[in-house]
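Novice: Following the hints, position chains Z and L against chain G.
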Amino acid sequence: MYQTGNLVKDLAEKHGRRRESLMPILQDIVKKHNYLTDDVMVAVATELDISAAEVYGTASFYTFLDTEERGKNVIRVCKTITCSMKGKNDIIATIEDMLKIRVGETTPDKMFTLLETNCIGWCHKAPAILINDMPYTDLTPETVIDVIKGYMR
Amino acid sequence: MVTLKINEHEAKVAEGTTVLAAAKTLGINIPTLCNHPDLCVAGNCRVCVVEQKGARTLVASCATPVSEGMEIQTNSLKVRNARKHIVELLLSEHRADCTKCYKNQNCELQTLANEYSFGEHIFLDLTEDHNYAIDRSSPAFIKDDSKCIRCQRCVRTCAQLQHVSAIAVSHKGSEMKISSFHDRPMSHVVCTNCGQCVNRCPTGALTEKTYIDQVWDAIYDTDKHVVVQTAPAVRVALGEDLGYDPGERVTGKLVTALRQLGFNSVLDTDFTADLTIIEEGTELLTRLKKVLVEGDKTLALPMFTSCSPGWIKFIEHKYPHMLPNLSTCKSPQQMFGALAKTYYADKRKLDPANVVSVSIMPCTAKKYEADRPEMRSSGYKDIDYVLTTRELAVMIKQAGIDFRTLEESHYDSVMGVSTGAGVIFGATGGVMEAALRTAYEIVTGRPVPFKNLNIMPVRGMEGVREATIKIEGTREEWNFLEGAELKVAIAHGLVNANKIAKAVSQGKAQYHFIEIMACPGGCLGGGGQPIPTSAEIRQKRMEAIYAEDMHMDLRKSHDNPEVTAIYQEFLEEPNSHKAHELLHTHYTERESY
Amino acid sequence: MKNKGLTKVDLIFETVDVRKVMKKAFEMTSDEIIQQVLESGLKGRGGAGFPTGLKWKYTAAEKDPDKYIVCNADEGEPGTFKDREILDKVAPKVYAGMAIAGKAMGARKGFIYLRGEYRFLLPQLFVELHKFHKMIAEIGYDFNIEYRMGSGAYICGEESALFESIEGRRGEPRNKPPYPTTSGLFSKPTSINNVETLVTAMMIIEKGPLEYVKLGTKDSRGSKVFSISGDTPVPGIFELELGMTVQQFVNEFGDGDTKAVQVGGASGFCVPRKKFADTIIGFEGVPTGGSMKLFNSSRSMYNVLHNYIDFFAEESCGQCTPCRVGCQQLLKGIEKVKKGEAKSTYLNELVKLADTMKVASKCGLGQSVGNAFKSIVENFREEVIY
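Residue numbers (our numbering), protein chains in the order written: chain G, 1 to 153; chain Z, 1 to 593; chain L, 1 to 386.
Do not rely on the hints blindly, as some may be mistaken.
Unchecked claim - Some chain L residues near chain G, calculated using beta-carbon distances under 7 Å:
(1) Pro-78
(2) Gly-116
(3) Gly-168
Calculated directly from the structure, the hints in this document are not laboratory data. For glycine and all other residues, C-beta sits at the position ideal for the given N, C-alpha and C.
The shape of chain G in the complex, shown without the other chains (with noise of 0.2 Å):
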């Protein structure tokens, strides 16, 4: 959890009021802090002046505007059909191993979470994951493991 404090009026100062700026200040939110509190939507609600079941049903629509818990890292492993066949199951049984987690889970120390998601553009150099913004492609069993070491300071 983090405190919402000024985050959400800094950002409509930013952003705006209307409803075309919703999207950019959740963005700019889960950019910071990878998901969307409960008092996040609130807030952005009160500032945008729209019902916070309208905030939750338009972020719910976006797989990558979390409105549940996630680690300071997102992991997500295209599942698509190149990735799937070029061995996503393999990497993510890596991952799973290596953090002690599965699909969906977050680590204990919320460094990391590990989700599956939809085709992420890198077809040609499957199996490919992002974690955060980051896109890592042609990975391997024995890659990823580093690709992540490098997330865990």
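Specialist: Chains Z and L alone, transformed into the frame defined by chain G:
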């Protein structure tokens, strides 16, 4: 005008007409689900698809405007096959336990299933794959996602008619559903319990929470004295659920039916509507005097009416800083409840512990209101059970009563005498009109200067209405109002209530008194009224309400002899200490989501 | 059947003097620009293939002073990644295409809706956009481009869903009519074009339509950037002239054991080996937004189908019945047939359902689920059942 052909018949309709509406002019019925006359077009259920010559796909007739030379087939093989598939698909994600469903026989999906899907289902049952939730947290209604067909009528109702959006569409794909904020219980979100969604849900996904069995139990319990009160709007709508056309007044038969059901005393909410006028009118005049003459800063103007529990919860959530602007008067239902277990019990020499107080309301929010912790000023739960107009119709059917052949009869007494001013509470503008009929007379000693007491400027279906009443020839004690212009406003439907509340909040509106009803048309369009609803149906009910008023011997609340008597015998005077104890209340700030 | 054979082309990624093209376009009238694009025969490169010149013409004809040009960079079709490459390599050409479209239609404002998966590109794209704005301002253009981001929703590639998303709502497709050219983004006349379409249009202005029509066939003019993946020794991005057969394509990109090619991604068609020679890639045969996936004989076409339908069941917006429930039924149906819990003839019911989805769904997503479903079930029925 646009000319088109539908099933080889020529139609001439205005530009912008939908294919669906054009077909209707030819007497061709196209089935619909997501379409509702009160709501914007969605075009998402696809049940109304038709074949348009030259089009690559079928088109949704509810969402397709006519065009010159268009040729439409509404019942071709292609259309029928698609429509059957669509109905079957909806059934496959719908828990079709019809015989257990409250909406059995009153379900639009069931009707379509009757026409398109008999015999074996084509598709696999998907209900087992979804973890459907049933939310029973609200005392007013139940939200059962396993019955939901995602037509979004409820979502559009909550947004467009009520400006609440307590529910919205969430998630996508196979997970798409109708959610409150983060799926919190409906009892813990901004929902006003107005039940407008219940009125527009085509299936059993949104239904009122029913208390029929509890009421039967009370009736059969010989130790209990069960009193029932009926709200004004019930008498002009109950008939619709019992085979009458909209707009039939069934007051006399309603009373007889209630007696036959076994209620010990059949009384009228209109009595406490009249009482409300005395209390609220006095409160208004006192506020005006204190604020305008004495400069009292603790009282707020304009004063809002407080009879509509949906409106009360709306303002508690959305404009908590304006709670001081609300009249402190309880709604007529709750005034009645408080008196039933005090004044009435005394008069009838009953132990209030054995009095069960039931109300028949056009409203689902009244169920919530009755459950509010502050509604126990008699020392007991003032109102034990609230039934909607629909639930009463069910009870009448259960009891095997042939409603049409019933004799008409009169309400019992005490608390059964009322005036036309009480009746018009059921229509938007009615409380305002009733209040003006009395307040004007208190101040000037003369009746309101309108023909037949009908204050036409405050009537109608316009969402927000304003009127100015010039006060002249005041009595001595009210001469501070001499020459003043009393500015009033009326709004119905929370989307309109919000407009006024916002304007007042921003200091942009100069009114003294504002009537607000949460539901479109006022109580006659309440969430507990017979389904379906539409502007035409509400118009008919409104005409019936005003006809009922004209039909009454007494038309002004202060002329109600039972009201005079209760002040003499029990309450002493308007806004007395005792009146405050029993008939007034307070409000609570609530969360914004 | 005549075809053009397989010819590699260098148009989209070709280095050009963008400033020069912008100056040239600035000297042209709106009608001249639209006429040239019309003459080129260019059809939208996102997949739907609406003639670009017409779209511009309709938008230009609208009287509203506020109009928009929207660049659809929500490239989400499984197997497509060419727009990312185009933005990565030649973003100024994309911007140029938008500014030219703006000039043609009288729009002063452009939006690029970039899928959230490509957010990592933004810093570089902003640098180039800044330079571009400066450059066209010097020439005299009154045109400005802003980025709007997606957040992981395939359906937002559908034009009206994309508008909804920019407007801050769930990406649920709208009813049509009205079409975007009369009422699009913020209910204003809008031309929405794919990334590659805009670059191609810009290159048509640079080279002239006569040069462009030399490429391709009558129904499929020009060249196209293909995203090639799956069982191929050379996965990647290739720009090819339109009009080749699948066989010629497989000869070049297959691994010698290709049994099927999925043309156009999950919403496209599966072409089995026996139809390779007779199927032209283009609007006269199988159209594609560029996604070409090759499958060799080691692959289970059931798994391919299952993967696609699962994708649609998740990525459907969920508002309309045929798509929301239909996808779930197709998915559950093939699973039951595979497990032997439903008769194999149940597939026939599912094919009929796919037909209903095609004609009764609200938008292109639901309407195209049946493409992959039918072409895989019909061509690989045994693999789906056993």
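Novice: Now look at each hint and say whether the structure bears it out.
Specialist: Hint check:
no., hint, verdict
1, Pro-78, "4 Å, holds"
2, Gly-116, "5 Å, holds"
3, Gly-168, "4 Å, holds"
Against the hints set out earlier in the document, no violation occurs for any number.
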